[in-house]
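S.K.: Construct the complete structure from the given sequences, taking the supplied hints into account.
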Amino acid sequence: MVNTNYLINIIKYNIKIIFNINILTAVAMVLISPLLFNYEQLNYGDIAIIGEMYLVLLGILLIPHLTNIESIVGISSITTSKAFKQSTIYVFRICINIIVILALVLVTTTFAVVQKSTFPLIEIWLGISISALYFGLVGLTITNIFSNTIAGYLVAFSYYMFELFTKGKFTGNLYALSLLKTSFAEKYYLLAICVVLLCINYFIVKKRN
Amino acid sequence: MFFGLVKKELKYQLKSLIPYLLLLIIFSFYISQYGFIDSDDINSLKPTTEIQYIYNYLETVKDTGTIGKYDGFQIDLTNSQLTEVNNSLMLLDSISTKDDYDNLVTDSEKEFMTILDKLNATLGGETILWQGSRASFLAQALNYGTKEMLSENKKMLSVINRLISDYKGDSIYTYPLGFVKRVVLNDSRKLAMKETLNAVINNGDYYINHSKELNSAKIKCSFIEFEKLMNNLNKKLGGGSSYSSTHRTQFYQEKKSYSEAKVSYESIKNEDRYSNAFARYYSDYMGITAALFPIFIAAFVLTRDKRSKMQELINSKKVKSFVYILAKYTAIVILLFIIYMLVAGIASYQFNKIASLNNLVIDKLAFFTHTLYWIMPTIMFVVATSMLLAMVFKRGVIVIPVQFLLCTLSLLPLYGDYRLSKFVIRCNTIVGFNDFKTYSSQLTSNRVFYVLLSLALIFITSLLFNKNRSHNNGKHKLFNKHNKI
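Same order as they appear, the protein sequences are chains A and B. With the first sequence counted from 1, adding 46 to any position gets you this note's numbering. With the second sequence counted from 1, adding 49 to any position gets you this note's numbering.
Since the hints were derived computationally from the structure, they do not count as laboratory data. Please read all numbers here as calculations on a predicted model, not as lab measurements. The beta carbon of each residue, even a glycine, is placed where N, CA and C say it ideally should be. Any given hint could turn out to be false.
Derived DSS-like pairs: lysine-lysine, alpha-carbon spacing no greater than 25 Å straight-line [claimed, not checked]:
| # | chain 1 | residue 1 | chain 2 | residue 2 |
| --- | --- | --- | --- | --- |
| 1 | B | K443 | A | K62 |
| 2 | B | K516 | B | K369 |
| 3 | B | K239 | B | K217 |
| 4 | B | K358 | A | K128 |
| 5 | A | K162 | B | K239 |
| 6 | B | K358 | A | K62 |
| 7 | A | K62 | B | K355 |
| 8 | B | K516 | A | K162 |
| 9 | A | K162 | B | K369 |
Beyond 10 Å from chain A on every Cβ pair, some chain B residues (computed) [stated by the list, open to error]:
| # | residue |
| --- | --- |
| 10 | Q82 |
| 11 | N92 |
| 12 | T109 |
| 13 | K167 |
| 14 | G181 |
| 15 | N210 |
| 16 | S214 |
| 17 | D219 |
| 18 | S220 |
| 19 | E320 |
| 20 | L414 |
| 21 | I509 |
| 22 | N515 |
M.R.: What follows is the structure in structure tokens.
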């Protein structure tokens, strides 16, 4: 049975290391968004542009690096030798950052609603969050496969640019920015892929450790 | 020492995964945006006439037995209807002659339209040749391109037409910082628009509900005053609107005529030898990748020393800070140069194949020269900025959103703005040299500016590196003053 105090200390410490420059940059991105966009009286199409073209970058900032933090500071051999499973810690980190993504997107969309915008809040909130999570998990998968965080950022960001410029021509039902076409149906497929990617990443880190 | 460091950095990068991923990504971007260019794209540059286009279309109708309907569906034709189509083709032949481009031309426009009206009536009256849909059907095919209006009055009326159209709506879209921003037209903004309208034309209020009569409106200010009024209006609308000096030039464009389109085509054929026009279009897409993807190598090259705990060792060496930073910078730029030249080689090979199939005389080095002249200064600037920002923030990941925001400032307009504020060169259309040469000197100044700016940024980066580098246990560090053991 795991010592509760030990578990709490691990959680506290991981929260401390997660709230790093990546989260600060993500928060800064959300805070400066009113300078870049106008949130007054937006309709579905307008908020979709803000969410799908800008807010989805939060996923790329917040997720790909989560399993490589120990490698960056060079203590991965020490942490993997501990009894407490590293894979559990990674799941915890990913959950925290998913909550951060959901919170940041909710704050932005609620701000728009307060500014008299008219759009389905839940649909937009979930749609943007799913896209952000999807890009983040693609980056995380690449990071875990190649043990290279930069590769994770690069592939995730390139995929985002690819979708932005091709407008779903090559990805069809898996178009990650589908809210730009006022369609939510593709988000269900993306959510399913996110679950699959989470499982794949869990098995990769479990096997590696 | 310098060349040794460059060689070492190149060797390190070539052993890493990132350059190969970058090559794959840039190649994918090339294929998705440009890679499907084929003979049809080259042949479609040759202008055609309305009558020739209709003639070709009716020949297809004769072969397939179907004709398009005005709503997009197809109609199957009976034998008697096909005979009528054939008769119409003979009539079109009789009223026209071939010009030097082998296109049918006619002096009797009225007769041409009568033939189409009669044929449409015979085929049921709902075909694509119907008067109501004919114009849009022909417009899709007969895009001769645009040219700048010569008349200042016409330019002003074109902008005023847009102003009236925006005034009637609830909001407008602006691009103050590259991203699209919706601006709600409240009372004060609408008042500003109305005041501007009345300052430009007599009895402006009347034309708000009678915009079709705008061509008869009397302009009551000079063009210079008009530009000042529009700049003021742009400020009141928050900046980046259609009335800004950058964006209102889109309204100064009018369609070219067939003869003007022929002149442009001759320029593409003789001056550009086709490949230079396509190389400009290619450089537009590749320029966007050059503004974004090199960040992932450049932003992490200096932070790597800290990650691998070699920082203190490097700081203790005799190598000068400027030599060290310049060596890293040169290695990254050379690596990216190789990557972009490889993709230019693929583009060149593809275009050569198309040219051989069509017996065209082309400039075989066009893609390489445009990569060197158009894209490399962008790469140099992006790498230098990324290294500087990584040095300032001590984290490579912050550079990504910052550079992304910088890039969005340069992405618009799609053509024709090469001021010093634009580090991405856009040319999102295939234009001939005779149309593009007006921008040549502006483009040259832009490229030279960004090369020099890149070197200045690298110099600043080396100064910062030198300040952080300490010979006295961290005392002189600008950032990260507290040594952590």
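S.K.: Quickly compare the C-alpha distance for K62/A and K355/B to 25 Å and report which way the hint goes.
M.R.: holds (21 Å)
S.K.: Regarding the assertion that K167/B does not contact chain A, is the least Cβ-Cβ distance greater than 10 Å?
M.R.: holds (41 Å)
S.K.: Assess, step by step, whether the Cα of K239/B is no farther than 25 Å from the Cα of K217/B, and give holds or violated.
M.R.: holds (9 Å)
S.K.: Run the C-beta distances from N92/B to all of chain A and say if the shortest one exceeds 10 Å.
M.R.: holds (23 Å)
S.K.: Hey, K358/B versus K128/A, does the alpha-carbon distance stay inside 25 Å?
M.R.: holds (24 Å)
S.K.: Check the hint pairing K516/B with K369/B against an upper bound of 25 Å on the C-alpha distance.
M.R.: Between K516/B and K369/B the Cα gap is close to 12 Å, so the pair holds against 25 Å.
S.K.: Checking a non-interface call: every C-beta of chain A should be farther than 10 Å from the C-beta of G181/B. Is that right?
M.R.: Fine: 29 Å to the nearest Cβ keeps G181/B off the interface.
S.K.: Regarding the pair K443/B and K62/A, is the alpha-carbon distance no greater than 25 Å?
M.R.: holds (19 Å)
S.K.: Mind verifying the non-interface call on D219/B? Its CB should be farther than 10 Å from each CB in chain A.
M.R.: Given a closest Cβ separation of 8 Å, the condition is violated.
S.K.: Against chain A, does T109/B keep a CB gap of more than 10 Å to every residue?
M.R.: The claim holds: T109/B sits with its nearest Cβ about 26 Å from chain A, beyond 10 Å.
S.K.: Hey, does N210/B actually stay past 10 Å from chain A on C-beta?
M.R.: holds (25 Å)
S.K.: Check the non-interface label on Q82/B: least C-beta distance to chain A beyond 10 Å or not.
M.R.: Given a closest Cβ separation of 6 Å, the condition is violated.
Hint check: violations occur at hints 8, 9, 10, 17 and 18; the rest are consistent with the structure.
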